[in-house]
Amino acid sequence: MPRSDADGTAPKGRSRRNFAGTRPVMDDVAQLAGVSKQTVSRVLNDHPAVRPETREAVQNAMRTLGYRPSRSARSLASGKTRLLGVISFDAARYGPASALTAINTAAQEAGYLVSSIAVDTADRDTVVRAAARLTAEGADGVIAITAQKHMGKALAQARLGTPLVVLENDLEDGTPLVTADSRTGARKAVEHLLSLGHATVHHIAGPTGWTSADRRADSWRATLKAAGAEVPAPSSATGAPTPDTTSAAASPNTPTSPPCSPPTTRWR
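Counting with my numbering, you get residues 1 to 268 for the letters of the sequence shown.
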């Protein structure tokens with residue numbers, strides 16, 4: 001007859017290690033689930049060659065024991081760290097900040113951790129060093145949030161040895177990109193304003209050298225030309241493009257060429 005927990009002996013099917021008050025390990029899970037240690041490892045690494053009922057038994061055993069798999073051990077077994085590296089430029093601005101939040105949310109849902117580096121200086125060496133640091137940490141992939149084409153190009157040419165995805169850029173070398181369709185957005189905005197009877201549409205230019213800003217400006221200019229409307233000189237926000245600086249640039253007191261009435265629509 002099995003002895004009680006009180007005398008320090010574990011009941012049948014459960015290891016003494018867990019009942020001694022130490023942290024449960026994979027052997028404990030295997031014993032409680034009635035499977036091999038290799039089967040537990042396969043369940044942890046989501047191997048397809050595990051029967052549903054076996055997978056459920058292992059998962060139930062982990063919950064019962066409060067087992068938390070070691071990330072480093074899983075990395076050794078699978079060859080993956082389940083760590084994503086993120087490089088962000090101008091991380092305090094809304095666009096990069098919201099992108100980083102979305103990346104963290106998606107990564108968590110997929111069982112990944114995120115290690116992020118905010119880059120303040122937009123030069124090639126700084127960006128490449130940041131990427132090298134993330135790959136040295138064992139990142140399974142690197143995501144770069146940068147609208148500056150030269151920064152994306154520097155990363156693409158760095159041969160990181162790990163998958164790279166660039167957000168809001170315009171590389172043409174086959175690097176995977178995730179970007180908004182700024183050209184179509186600008187075209188539709190200009191066409192809409194012209195359809196309301198406006199003689200032309202003024203544009204507050206984004207930061208020089210930013211791919212998304214360049215795409216918007218190019219599309220704005222091309223759409224006005226196609227409509228036969230006058231193409232005014234683009235306005236510029238003084239300093240970094242923030243709500244305050246862009247509002248100042250769109251102020252009725254800001255001179256434009258040609259002169260225009262106070263703005264009725266603002267689009268960025």
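It is worth saying that the hints were derived from the structure and are not from the lab. Just to be clear, a hint being listed does not mean it is correct.
Derived lysine to aspartate or glutamate pairs resembling EDC-like cross-links, with alpha carbons at most 16 Å apart [what the hints assert, rightly or not]: (1) Lys188 to Asp218; (2) Lys188 to Asp173; (3) Lys149 to Glu191.
What follows is a set of in silico ranges between Cβ atoms, one per label pair, in the way DEER data are often shown [said to hold, decoys possible]: (4) Pro52 to Ala226: 52 to 60 Å; (5) Gly174 to Thr105: 26 to 34 Å; (6) Arg129 to His47: 18 to 26 Å; (7) Asn60 to Tyr94: 42 to 50 Å; (8) Ser115 to His47: 37 to 45 Å; (9) Ala106 to Pro52: 44 to 52 Å; (10) Tyr94 to Pro48: 12 to 20 Å; (11) Gln108 to Gly209: 31 to 39 Å; (12) Tyr94 to Asp27: 46 to 54 Å; (13) Pro52 to Gly185: 41 to 49 Å; (14) Ser98 to Thr162: 23 to 31 Å; (15) Ala92 to Asp46: 35 to 43 Å; (16) His47 to Ala226: 34 to 42 Å.
Virtual Cβ for every residue (Gly too), placed ideally from N, Cα, C.
(message) Of all the hints numbered above, which does this structure not satisfy? Sort the numbers upward.
(response) 2, 3, 6, 8, 9, 10 and 16
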